[in-house]
Amino acid sequence: GAGVSQSPSNKVTEKGKDVELRCDPISGHTALYWYRQSLGQGLEFLIYFQGNSAPDKSGLPSDRFSAERTGGSVSTLTIQRTQQEDSAVYLCASSLVRGAVDEQFFGPGTRLTVL
Amino acid sequence: AQSVTQPDIHITVSEGASLELRCNYSYGATPYLFWYVQSPGQGLQLLLKYFSGDTLVQGIKGFEAEFKRSQSSFNLRKPSVHWSDAAEYFCARSQGNLIFGKGTKLSVKP
Chain A
-16 GAGVSQSPSN
-6 KVTEKGKDVE
4 LRCDPISGHT
14 ALYWYRQSLG
24 QGLEFLIYFQ
34 GNSAPDKSGL
44 PSDRFSAERT
54 GGSVSTLTIQ
64 RTQQEDSAVY
74 LCASSLVRGA
84 VDEQFFGPGT
94 RLTVL
Chain B
97 AQSVTQPDIH
107 ITVSEGASLE
117 LRCNYSYGAT
127 PYLFWYVQSP
137 GQGLQLLLKY
147 FSGDTLVQGI
157 KGFEAEFKRS
167 QSSFNLRKPS
177 VHWSDAAEYF
187 CARSQGNLIF
197 GKGTKLSVKP
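Residue numbers (our numbering), protein chains in the order written: chain A, -16 to 98; chain B, 97 to 206.
Worth double-checking, as some hints may not be accurate.
[To be verified] Label-pair ranges, simulated between beta-carbon atoms: (1) Ser(-8)/A - Ser166/B: 38 to 46 Å; (2) Ala(-15)/A - Gly137/B: 33 to 41 Å; (3) Asn(-7)/A - Asp150/B: 23 to 31 Å; (4) Tyr123/B - Gly34/A: 25 to 33 Å.
[To be verified] Calculated Cβ distances over 10 Å to all of chain B for the following chain A residues: (5) Val(-13); (6) Ser(-10); (7) Ile9; (8) Ser10; (9) Leu26; (10) Glu27; (11) Gly34; (12) Phe48; (13) Thr53; (14) Arg64; (15) Ala76; (16) Glu86; (17) Gln87.
What the hints contain is simulated information worked out from the structure, not anything from laboratory work. Even glycine gets a Cβ: it sits at the ideal position worked out from N, Cα and C.
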């Protein structure tokens, strides 16, 4: 079956512009996570969604970052007024349910470059 | 706060040699531990996971890991490395979301 997909695969933008990154989780997976992978910080958790519950935004680095998940499926991560330090690979993952023991399946990521 | 440490940033081994990648965790009674592999340009793939029970867990691609509570470790091993194993390896623990170590890059010499 289809895995987690993300689009675009690469995004180059100018400092100060807004960007939207999209994630399509595996069908039927109720939990969805966003992570960021950068050279300096490694892999960091950003936000997760579980069903219709309020998202856990505890990993978002600033209020320029936001995310939504429509219809319990597709998710969009939005970065407003991008800065050069936002350059990173943004990874999306989904799991059947949110639990410490549940395997997360990762997408290929979106490489964001802020000039 | 919970954390995961991978002491080795880069390891080089010869093809056919054995491999051990180190991982240490801090805090928490029963950690839920994972090893992921990331090949160049690829997403993260789960190799194996430990929740409870037998402390030696088997994974895909011939990898295994041993959980040692006394040492707060969860080291990844493979008896004979193949050139295709060259990749970056991440140890992680779960609290719902994953907390990752910084990763160990594995290079394989022919």
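Distal placement of Ile9/A relative to chain B, Cβ over 10 Å: Ile9/A clear of chain B: closest Cβ-Cβ about 13 Å, beyond 10 Å.
Non-interface claim for Phe48/A versus chain B (Cβ beyond 10 Å): Nearest chain B Cβ is 15 Å from Phe48/A, so the label holds.
25 to 33 Å as the expected CB spacing between Gly34/A and Tyr123/B, which holds or is violated: 28 Å, holds
Least C-beta distance from Glu86/A to chain B larger than 10 Å: Non-interface label fails for Glu86/A: nearest chain B Cβ at 6 Å, not farther than 10 Å.
Claimed clearance of chain B by Ala76/A, with the beta carbon kept past 10 Å: Ala76/A is in fact no farther than 10 Å from some Cβ atom of chain B, at 8 Å.
Verdict on Leu26/A as a residue remote from chain B, using beta-carbon distances over 10 Å: 4 Å, violated
Ser(-8)/A paired with Ser166/B, Cβ distance criterion 38 to 46 Å: Holds, since Ser(-8)/A and Ser166/B (Cβ atoms, about 44 Å apart) stay within the stated range.
Cβ separation of Ala(-15)/A and Gly137/B, checked against the hinted range 33 to 41 Å: Violated: the Cβ-Cβ distance is about 19 Å, outside 33 to 41 Å.
Given as non-interface: Gln87/A, partner chain B, CB spacing beyond 10 Å: 6 Å, violated
Assertion that Ser(-10)/A lies farther than 10 Å from chain B (Cβ): Holds, since 14 Å exceeds 10 Å.
Beyond 10 Å from each Cβ of chain B, as asserted for Val(-13)/A: 8 Å, violated
Non-interface claim for Ser10/A, where every Cβ of chain B lies beyond 10 Å: 17 Å, holds
Going through the hint list in order, the structure does not satisfy hints 2, 3, 5, 9, 10, 15, 16 and 17.
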